[in-house]
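Taken in order, these protein sequences are the chains called A and B. All the letters of the first sequence, read from the start, carry residue numbers 1 to 359 under UniProt numbering. All the letters of the second sequence, read from the start, carry residue numbers 1 to 581 under UniProt numbering.
Derived by calculation from the structure, the hints in this document are not laboratory data. The model shown is predicted, which means the values in this text are computed figures rather than measured ones. Some hints could be false.
[What the hints assert, rightly or not] FRET-style restraints, in silico, Cβ to Cβ:
1. A:I149 <-> B:D276: 24 to 32 Å
2. B:S274 <-> A:D82: 53 to 61 Å
3. B:A387 <-> A:R45: 32 to 40 Å
4. A:V68 <-> B:E248: 55 to 63 Å
5. B:A307 <-> A:Q107: 42 to 50 Å
6. A:D82 <-> B:I384: 28 to 36 Å
7. A:V68 <-> B:A387: 29 to 37 Å
[As the list claims (entries may be wrong)] Under the rule of at most 27 Å between Cα atoms (straight-line distance), these lysine-lysine pairs were calculated in the DSSO-like manner:
8. A:K220 <-> A:K318
9. B:K530 <-> A:K216
10. B:K33 <-> A:K104
11. B:K294 <-> B:K270
12. A:K224 <-> A:K318
13. B:K298 <-> B:K270
C-beta: ideal position from N, C-alpha, C; glycine also.
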Amino acid sequence: MSKLGDLGARLHRGEVGYDFIGNRRIWYGLSILITITAIVALAVRGLNMGIEFQGGAVFTTPKTAVSVEQATEYAEEASGHDAIVQKLGNGSLRIQVGGLDTGKSDQVRAQLAEDLKVEEPKIAAELVGPSWGEQIANKAWTGLGVFMILVVIYLAIAFEWRMAVAALVALIHDLTITVGIYSLVGFEVTVGTVIGLLTILGYSLYDTVVVFDSLKEQTKGITKQTRWTYSDIANRSINGTLVRSINTTVVALLPVAGLLFIGGGVLGAGMLNDISLSLFVGLAAGAYSSIFIATPLVADLKEREPAMRALRKRVLAKRSAAATRGDEQDVDGAYDDMAAEPAVVGQRSRRGRSSERRG
Amino acid sequence: MVALTGGMFWSGHTKPRLGIDLAGGTSITLKAKAEPGQESAVNESNMNTAVGIIERRVNGLGVSEAEVQTQGRENIIVNIPKGTNEKQAREQVGTTAQLYFRPVLTVAAAQPPVADPSAKPNGTASPKPSASGKPAQGDKGDKDKAGQGAKAGNGEADGKSATPTATATPQGRAVTEGLKAPSPTATASTSPSAPAKAATPPAPEQTPDPATAALQQKFAALNCLDPKQRAAVGQGVKPTEPAVACGENGGMWEKYLLGPAEVDGKDVDKARASLDPQTGQWIVDMTFTDGGSKKFQKITSKLSQQAEPQNQFAIVLDGDVVSAPRVQTTLSANAQISGSFTQQSAQDLGNILSYGALPLSFVTQSVDTVTAALGSDQLQAGLIAGAIGLALVVLYLVIYYRGLSFIALLSLGVSALLTYVLMALLGPAIGFALNLPAVCGAIVAIGITADSFIVYFERIRDEIREGRSLRPAVERAWPRARRTVLVSDFVSFLAAAVLFIVTVGKVQGFAFTLGLTTLLDIVVVFLFTKPVMTLLARTKFFGNGHKLSGLDPKSLGAKPPLRRTRRTSAPAAGTVEPKEA
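Construct the entire structure; sequences and hints are all you get.
Okay, structure coming up:
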């Protein structure tokens, strides 16, 4: 059995016990590195803003034999502006021309129709003023702000403020990474991108919330026992929901990947592609952050609480005592099931395999 | 669900209404521009008035189903389906020409006269009879003659002369008595300004160009009884040029020949209907802005010197004469229009004046032309992508969940069906249109929907791992899964709702679909997945944890409860475990 298949099998049985919390500094470091890269990229390279943000027109022609170079020449001649021409999967051309207004756009369209020898009505024109994208972007920022505030309030009420803070950090982290990747790779930022980016909001938090929900459930009455610290339980929550997180992310990514590669492949650039691209990047980042950033952060914050510190002391004391006695059960048990089911927990802690940790 | 589906077929809306991008057409986004100092003008009621007016304009083109809606606080989206003259529509919507005060040069009956050439007032190069077969009435003819004289271009009252003369004709020339007074006949009065100066007759409108002849011709040919002509008459008219227009007058249509606009709607500060306490009649009070007062003073002093019908000014809204009150004295900052108003008509006029007066001009934000071909291409690609994505999801679920995937797929199917039905029903109900981002949203939502099952299934598996048999596991897992599903769907819905509220256009369609599918997800999980799961737990296949059911306790790594034996299944696991994709 391959290593991957083995991991799959162990996931299937719910036996994975990776120490996410213990290695959190590695992941924090990685995230900080990525974030800094993203910010630097953004500062140095900026974003490749689409036509919506500069104003201009996008013409989509029917299927044509005219080459991209030829079409670029036509378009630039007709408009007097730089043109970006892409060949779409179905043989049609997508011609972007910046700095056109309504009247000029019609002229260019007519000229293009003549040059490309197609009927004018068959050329679709999408005309946008420079303020359109700006407005969408402004609305997006507003939406982002409102959403963040509401979610923080909601999470603070439904869970607690530490989780709200951690979720927020994870969210910002996801957005930064996504924007950074856009900047690095030079993908074009369009309205579709903004839509995709906004959708990440919901998705990113969705995953996080599921983990938090499990964490909240498992830490009920945590101070009444001395077997596990908060971090231990947080770790188990992540591991417990890992299968779900992986499955959900895979299931969510599959249709998006379909949109991205198939939709994009058939049609070339377009709104489908823009949305799915940012979704794809954001989804992956969201899954990562809910596991490696959000929950460890909560654990970090929680461990600062006096009650949790006291608990940690008690747990560690008990463990060292147990270790001197040569009883390995408790150490092992840290990654096992919950105290709520003592019979099961006691029994399952004998399982040999769970002590074998993957790194 | 059955009821909903039934409703869909019953109502006959079996297909979602396709958005403009899928059906083809033109989508125009207008943004209200607030003039400095008048920011409060961009408010809901003004936006709604604007929508009404734009709607009249667009649908005046003969477009059915054109949609004009406000979106957000300051946007108006105009969706014009395919089959429309898109350029014309764009001009229609884009122009902000709304309200003008134009001097009346001529008034005539609604339809062009025919039959009797001698009665034909405007022979000007247009001997062709118009479609309307009605001969003009005598007095109308007179009126036409009278009016005609006002314009250059027809030297002779009986328009046999086909040559337009380029000489400007003083306006005050041909006046015929016995005109039917346009009502609401206004006796505008109560001006605080100085009384009329003994002004010299105002300079005639200088329009010594061939356009005048064309205008005369147009005027002659105009038939205001024809709604199409009525709609077309105001198109592309520049305020600085004379124009022809139609106006309804006490239930009768009349046509007007109008001079260039002297005052425009922006000059009106406010206007409102009120009941004159003295006469008990409805009147419309207007207040002009400073600049407007000066202009209005100029035009009224000029007009008050004129005889019928040129002592009238026409209030022209989008090319239609709304009212043509007579001027009796020079007016300035304040004016009153009185006449045979009903409360409704007075209020309407007040609104119209106010609207024109408001600095609510629109900037065209974007004009999207989408050909139907492109739309269907995109839809097709979207659907293909969705189908492939779905197939991959199915494959993954089948491999991972085995028999359980049956429930998952059934639930997904139900969810998809519900989404479709709701979309079809919401089309006519709230104007929901399936556009490309909405398709995208629906595809993305597959993930959200599937997640609920995954959460539930994993909970059930957890329970089984703890050694329970399936039936109690299903029941015990449910409350915990339910909470998780609710909490996470809430977050997802919150995101969709916020997006929907704060954004515009394309983004909104996407957010709406996302929100809708999130809600449906809850419905499906509660009312379908859970009951079906409970039912299936009673079957032998699932209940006994068949190897292919996805609930095989052995392969899940469960241990029999309360027996302290080592699990023996581990070595065998490799043969039955699915691979991680």
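Each hint tested on the structure:
no.: 1; hint: A:I149 <-> B:D276: 24 to 32 Å; verdict: 53 Å, violated
no.: 2; hint: B:S274 <-> A:D82: 53 to 61 Å; verdict: 59 Å, holds
no.: 3; hint: B:A387 <-> A:R45: 32 to 40 Å; verdict: 37 Å, holds
no.: 4; hint: A:V68 <-> B:E248: 55 to 63 Å; verdict: 56 Å, holds
no.: 5; hint: B:A307 <-> A:Q107: 42 to 50 Å; verdict: 48 Å, holds
no.: 6; hint: A:D82 <-> B:I384: 28 to 36 Å; verdict: 33 Å, holds
no.: 7; hint: A:V68 <-> B:A387: 29 to 37 Å; verdict: 30 Å, holds
no.: 8; hint: A:K220 <-> A:K318; verdict: 21 Å, holds
no.: 9; hint: B:K530 <-> A:K216; verdict: 24 Å, holds
no.: 10; hint: B:K33 <-> A:K104; verdict: 23 Å, holds
no.: 11; hint: B:K294 <-> B:K270; verdict: 16 Å, holds
no.: 12; hint: A:K224 <-> A:K318; verdict: 14 Å, holds
no.: 13; hint: B:K298 <-> B:K270; verdict: 19 Å, holds
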